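Enquirer: Take a look at the letters that make up each chain.
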Amino acid sequence: MKEMICIVCPRGCHLTIDETTLEAKGNTCPRGEEYAKNEITSPMRTITGSVGISGGIHSRLAVRTNRAVPKSKMFEIMAALHACRVQAPVKRGDVIIENVCGTGANVIASRDM
Amino acid sequence: MTKHDIVIIGAGPAGLAAAVAAYEAGVKDILLLERDCEAGGILNQCIHNGFGLHRFGEELSGPEYAGKYIDMLKSTDVKLQLGTTVLNIENKIVSAVSEANGFEQFEAKAIILAMGCRERNRGPISVPGDRGKGVFTAGAAQRYLNIEGYLVGKKIVILGSGDIGLIMARRMTLEGAKVLAVSEIMPFTNGLSRNVAQCLEDFDIPLYLSHTVTKVIGKDSLEGIEISKVDENMKPIKGTEKYFECDTLLLSVGLVPENELTRQAGIDLDLRTRGASVGEDMQTSEEGVFACGNVLHVHDLVDYVSAESERAGRSAAKYVLGTAAAEKDGLNVNVGLNLGYTVPQRINRVNVEKGVDIFFRVRKKIRVGEIRVESNGEKIASFKREFLAPAEMEKITVPKVLLDKANGSITVSAIDLEEEAK
Ligand SMILES: Cc1cc2nc3c(=O)[nH]c(=O)nc-3n(C[C@H](O)[C@H](O)[C@H](O)COP(=O)(O)OP(=O)(O)OC[C@H]3O[C@@H](n4cnc5c(N)ncnc54)[C@H](O)[C@@H]3O)c2cc1C
Ligand code: SF4
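Going down the list, the sequences are from chains P and E.
Mind the numbering: the first sequence is residues 195 to 307 in the working numbering, read in order.
Mind the numbering: the second sequence is residues 68 to 489 in the working numbering, read in order.
Read the hints as simulated data drawn from the structure, not as lab findings.
Note that the structure is predicted; figures quoted are calculated from it, not measured.
C-beta atoms are modelled at their ideal positions from N, C-alpha and C, and glycine is treated no differently.
Be a bit skeptical, because a hint or two may be false.
[As the list claims (entries may be wrong)] Derived contacts from chain E toward chain P, CB cut-off under 10 Å, selection only:
1. Asn111
2. Leu259
3. Asn262
4. Gly306
5. Thr307
6. Ser449
7. Lys451
8. Arg452
9. Phe454
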């Protein structure tokens, strides 16, 4: 049995999961069960960060992956963000990097600028 | 002096939601004043995700959440005036200053306070030792990094385990800094459990509970930090010192509602929340002045900020349109056992349709608990709750039928059922 806090939403349910049968308890909704299973098999995280922007009101543009990516790719994705620079104007939701590090996820803009 | 139906101070998530709700409730002449160069408040620097699951059913980053409300605002005729700092409120006259217009005054029928909160800095918590460069509040470091692109240090110790500190521990690690320790004086964390899991555990950042900073070393710039374990009376225990060589100390020791304007206006403040004392309609002790969001009490979830602020916006609209109930059937809300505070602090039952939401924080961790509502020593409502913690704001909804049993006042308390069973 492994105990963990579900991080999918701020409720933070206390989950327990059987590492062999992958049966989860303590989740309030189905997303918690999926989270617990993933944590055992292949942990996933949404990555948030920023990229440089020229011609905007600030020098950094907030971005995020449009869905969770393997936790093991976190630092590789950060390096891709560091290497990236965009030009204003940008709209919230615009794709900044397609299929980032081969994860199938896109990096999207978090705001207009 | 120009006249407006409603003047709102602060265009963070609270001010934005209040403006949109008041507009939708039928008041068209609304002025929203913001000192920053853009709307969105603190959310603009909170680039991590975890916002909006309640409100929008999807997980958004702070700027995305703010962006959705800014879009809603744009679809109304609410006038947003940026770069304008409010200096004073007196008798429904709001005085403000801006680079564009200089000193200005606005006369309002109703005012909504939505100024948010500020971070505690090391003044009030007195960190001992030298005063070199390299000490920042976590929120200031967040703003530098996320908006301006400066990483304030490479080797970091964080004092306090509030959410901002936890979020910054992850953020700076991802940006290549090394977070050596998070030191929390209490035996429990001040942040959400999910942030401990995804910000510290994911990166093997050690969390020292019941530890505090006992020495800050470095004359011109920070060179190191010593932390020690504390006893039950929060006194450092000799011989437990640990030393970390570091260039940065981040303080994440809590937020305080920004109520300078409220105090000057002579509005009653609640010593527990450090915000205005309000009714279920978010009205303060001054008629026609409403408050919502972090200026009222520190929230950890912006979704609750929006819900509360929409209520404030609707109440202000009713007040302006003259449709607010004139009669009063007031109940005071008292803080009982194990409770830190409640919002609202009073309830006018005339305004309650189906039920009333009462927000509160507990003062200690309770695994299995009961939230009890009593009036004159008699139990009128009870709610089962698990895993209550001071770091997490909780809510109960008391149905009108039960509220009608109360007389004069109600007292809300949190019973630790495991302790009671012993
Ligand atoms: C670091 C951090 C991390 C957070 N993480 C999360 C999270 O993961 N999930 C979540 O749901 N919530 C989170 N929150 C909480 C959420 O962001 C806040 O509760 C919310 O922003 C509060 O909204 P507000 O409008 O009351 O205050 P603010 O956002 O602070 O807005 C107040 C506004 O008022 C303006 N103002 C103040 N005084 C004046 C004046 N005199 N004149 C004119 N304008 C003025 C300010 O410039 C500001 O724009 C976090 C908060 C912080 C600080
Ligand atoms: S189990 Fe569901 S409700 Fe509980 S924290 Fe996870 S996502 Fe949220």
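Enquirer: State for each hint whether it applies.
Expert: A quick look at each hint next to the structure:
no., hint, in the structure
1, Asn111, "holds, 8 Å"
2, Leu259, "holds, 6 Å"
3, Asn262, "holds, 8 Å"
4, Gly306, "violated, 33 Å"
5, Thr307, "violated, 28 Å"
6, Ser449, "violated, 20 Å"
7, Lys451, "violated, 14 Å"
8, Arg452, "violated, 12 Å"
9, Phe454, "holds, 6 Å"
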